[in-house]
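Chain by chain, the residues:
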Amino acid sequence: MDFFQEGFTQAVTLLVNRDPATYSAISATIRASSLAMAASLLLGIPFGYLLGYFDFRLKKFIRIVVNTLLSLPTVFIGLIIYALLTRNGPLGEAGLLFTITGIAIGQTILSLPIVIALTATAVETADRNLRITLMSLGANRFQIAKSTLWEVRLGILAAAVTATGRVLTEVGISLMVGGNIKWHTRTITTAIALETSKGEFGMGIALGLVLLLIAFTVNIFLAGLRRRA
Amino acid sequence: MDIYQIQDIDHFYGDKQVISIEDLAIAPASIVGLIGPNGSGKSTLLKLLCFLEEPTYGTILFKGQKKSLFSDGVRFSITLMTQEPYLMHRSVFDNVAYGLKIRGDTKDIRNRVREALDLVGLDPENFTRRKWYELSGGEAQRVALAARLVLKPEVLLLDEPTASVDADSARLIKKASLQAREEWGATLVVATHDWQWLYETCDSVLHLMHGKLFKGGLGCEVYGPWRLGQKNLLQKELKDGQLLVAPKPDEGKHMAVLDPSRLKITLPGKYPLLEWDVDTLNGFVTRLFLERNGNTVQTAIKVAELVITVRMARKRVEALRLHPGKEVTIAYDSRDIEWF
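The listed protein sequences correspond, in order, to chains A and B.
Numbering of the first sequence is given in this note's numbering, commencing with residue 5 and proceeding in unit increments.
Numbering of the second sequence is given in this note's numbering, commencing with residue 1363 and proceeding in unit increments.
The following block holds chain B by itself, in its conformation from the complex (with noise of 0.2 angstroms):
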């Protein structure tokens, strides 16, 4: 059974709707990757996901089951860690004990905080005695997590866990976090724009967009200003001079998508071969980086101040002879941008 099922569920501020997701599951055990820009609800839907918020509409299942905010088997299960976590003014021992002394389960206390401590890179000795202000941000998100990981949750939500911190401190955050599935199979949801990461770790990756599932994988956002062109569409000059066609927005939508997944990749020169009726864009590889499956590539195009990430099969990549620093050209079709 899923350890979550979302189904049609709205969330609003106000009169701002900031989530809208029509079915989603999440499988025990598994790592799940929230990817999106500021602002795109990541953050909130991992409280709905800890059942902080209540979504406006529609239903979240855990194991089956509504569950609501102060229910033990929500209260004792899910964990989430904040992108700026609050750490008490204590010292770091009773932070990380917190949880496990206000569930009354205090047995062999110490050792498990320093367990905990050790698990974040903490050393105990150290550490379990000095005051919250007396730790680095990267010390005091280490802490945090600690607080969480020695309550061995059933889910562990992290928002943006590595945002703010040190190289050190976020391989070392990275680390614990993997350890918790590893160790007693927690179920991890983590929202961040270390998109490597993600791919690396994830067993799926959730693009979200304006509080949308974007189903084409890493969306790449285009702001205007725009202005009519040719056949009724939208243009928008990049800063190299090249033209980005777009269809006609619905009212109040302001941000163009363009869906990497129904982009074609090809080598500068060759797309009069192509079939279809299409626009292109020139732009050079920056990054590579192969996914955790071994066969397809997230491939970083720079097109004038746009980044596209495109994830490609291994064997195209092979075969175009892709490196960082290569022309490539773009193709694409006007009429697949959506509006946001």
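Isolated chain A, as found in the complex (with noise of 0.2 angstroms):
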């Protein structure tokens, strides 16, 4: 049980004492992350404001389809991005495979059911008064998306808080795909694994906690904007 105690101690020492290989794996977990969350979000807001506020003939097919996307394993996104960028692979031309940019890939295909799910949702019980308002008011289609979005933003706060929990926890992807690589793509959780794998569950419990500590920050940011919302 000392490894607690242990672990406690070795996180503050390694980042009072600005760790190169444990800044390298911040830096890499907060670079992918940040690419996946801003990919996620770009694309799955105005799909999940598509899929909450219209009604069409595949709605509920595609709401169904899009839940069973919030299982999707990690190892499971990380063996299908693999064999898409490995080099034989029809992506290898790319040459994204072992790098940041493939581990967003990865993560932003975990996080985009997330938001496009919880957005489309936050859509759907919107005050059905508000669509009349707007368009009695005399917006135009673009005004009554982005306003509508507007006023959804807590909905869309909690998908993005979801979203970026899911991101910088998940260590199938950024393992399968990043290659757990020293100073490339070595996030804190495949360091984790790594040292866990070691027997240096000291240092393990050290990285989870500086992990946490990331987490915590970022959700610090959220309750920000949330409270100005």
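Don't read these hints as lab results, they were simulated from the structure.
Every residue gets a Cβ at the ideal spot worked out from N, C-alpha and C, and that includes glycine.
Worth double-checking, as some hints may not be accurate.
To be verified - Beta-carbon label-pair distances, calculated as ranges:
no., chain 1, residue 1, chain 2, residue 2, range
1, A, THR13, B, THR1468, 55 to 63 angstroms
2, A, ASN133, B, ASP1385, 29 to 37 angstroms
3, A, TRP154, B, ARG1624, 49 to 57 angstroms
4, B, ARG1452, A, LEU76, 34 to 42 angstroms
5, B, ILE1471, A, PHE8, 55 to 63 angstroms
Said to hold, decoys possible - Keeping only pairs whose Cα atoms sit at most 30 angstroms apart, straight-line, the calculated DSBU-like set for lysine-lysine is:
no., chain 1, residue 1, chain 2, residue 2
6, A, LYS150, B, LYS1463
7, B, LYS1664, A, LYS64
8, B, LYS1610, B, LYS1664
9, A, LYS150, B, LYS1677
10, B, LYS1626, B, LYS1615
11, B, LYS1378, B, LYS1610
12, B, LYS1428, A, LYS150
13, A, LYS150, B, LYS1626
14, B, LYS1469, A, LYS150
15, B, LYS1664, A, LYS150
16, B, LYS1610, B, LYS1577
17, A, LYS202, A, LYS64
18, A, LYS63, B, LYS1378
19, B, LYS1493, B, LYS1463
Using the supplied hints, reconstruct the complex from the two chains, each of which is provided in its own coordinate frame.
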């Protein structure tokens, strides 16, 4: 049980002494997850709006598909992306295997269904009078979309918080697509997996605490946004 | 030219017909009242007039032209305030300024918002910075009205604007709505249960009953149970034991409506003098209200659980010396009762 105490002390030491390997892993984690979150919000919010706002024939079916994708195992996404990006794969030419961008692509696939599903739910559950109010005040289609999304901003923020949590903490994609290359694609989660396999439990716990600290910082920022909203 | 011309519209929600109007014209700068029981189609008609919905069959012409929802002529000319208006999750200022901002019409926006708030009786100093959740129901309704008045719309459609607000807010809402016509000649269509207000202010009042215009005035609805009586007619026993007689309805119709324009009001004991074969009901006057024209009086008569409102000539009211509490006899022809 000394692991926890040792881990805590080590976490503080790593951060205070600016341990280069730890900071490299923090940097890789933040770069990959920021890219993935930017892409999934950019794609997911408009798609979620369309899915939540309009009624069309395949709507229920698409909702089921999106909800199913919420359960995608990260190792399965890792496998698919690996197969696509590997040198002999269909996208092998792009040279994205074992890169941060490669990890970000996999993490985007992981977080996109979360953003779509939660945005669609937020839009669907908006007050039924909102649409009529916006239309009767003279809004065009684009202005209706913009104003509706602004009205459900807390729901979208919740989608962002949930998706960020999932992306920051996944290990399957980072390991398979990133390859856990030191100084390059080693993220905090892959480093934890490595340290644990080496029997360095204290180091693993220290990195876990660092990851939690990052998540805490991100959530403080999002809570600030929520308060302003 | 009429601002609205409605020609043979039928509107359906699924299989259910909610509106059926053959012909209706609304003159510009007029105030039209819409009255009818819940579910009679008032809100749907307002949505059709706002082009938020397109009638299933038939056409609505706006200034002589067919229009669609997002055409500029409609978007920037017609505005609707729903029964429970939605305030956006922003400050009062941003709610009122929204319509102007999306039009790109932001010149002197601060003063225009202040004027609109003044018009609905809200002090701009106190209210512009308030959040949507810091308002009472009546204040929220007035902010919603200010958000529409600031646009100076050609047509202002109001769906029960005073239904769920306090008396003071209701008075201010009524005053501000009328100012829209006085100041810039807006056409107003107001759906409400407040018949006194309608007859005080409207140029014309439309009675809707099951989506159809009811020509006779403020129809009195009578629900069952009915039982078969003499001469193959149906009878409804009112709570005080009086019988109301009606013809048999067509299939699928279950609500009888007394057409007040066909009723004769007389004093008790006088009905045998009436020439026609009539049935009668006894009741007493509860309210008398002189219409804006000065010649017609809305007379509300309570008959057991029913309240029947009849438009009577002022001279007739004077001749009968009617006053609230006075007993009267209503003579009607059972064949005139309509079913919906």
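Discussion item. Check whether the Cα positions of LYS1428(B) and LYS150(A) lie no farther apart than 30 angstroms.
Written reply: holds, 28 angstroms
Worksheet item: Within a Cα-Cα threshold of 30 angstroms, do LYS1378(B) and LYS1610(B) meet the stated pairing?
Response: Distance of about 23 angstroms is within 30 angstroms: holds.
Fill in: Pair hint outcome, LYS1664(B) versus LYS150(A) [Cα-Cα no greater than 30 angstroms]
violated, 53 angstroms
Worksheet item: Are the Cα positions of LYS1610(B) and LYS1577(B) separated by 30 angstroms at most?
Response: holds, 21 angstroms
Practice prompt. Note whether the CB distance of ASN133(A) and ASP1385(B) lies within 29 to 37 angstroms or breaks it.
Written response: Holds - the Cβ-Cβ distance for ASN133(A) and ASP1385(B), about 31 angstroms, lies within 29 to 37 angstroms.
Worksheet item: Has the given pair, LYS1469(B) with LYS150(A), been kept, meaning a C-alpha gap of at most 30 angstroms?
Response: holds, 23 angstroms
Worksheet entry | 30 angstroms Cα cutoff - pair LYS1610(B), LYS1664(B) | holds, 25 angstroms
Worksheet item: Between LYS150(A) and LYS1626(B), does the CA-CA distance stay at or below 30 angstroms?
Response: Violated: LYS150(A) and LYS1626(B) sit about 59 angstroms apart, past 30 angstroms.
Item to complete: Evaluate the given range 55 to 63 angstroms for the C-beta pair formed by ILE1471(B) and PHE8(A).
Response: Distance hint for ILE1471(B), PHE8(A) holds at roughly 59 angstroms.
Worksheet entry | CB-CB spacing for LEU76(A) and ARG1452(B) relative to the 34 to 42 angstroms hint | holds, 37 angstroms
Discussion item. Can you tell me whether the CB distance of TRP154(A) to ARG1624(B) sits inside 49 to 57 angstroms?
Written reply: holds, 55 angstroms
Practice prompt. Given the hint that LYS1664(B) pairs with LYS64(A), test it: the Cα-Cα distance must not exceed 30 angstroms.
Written response: violated, 53 angstroms
Consistency with the previously given hints fails for numbers 7, 9, 13, 15 and 17, ordered from lowest to highest.
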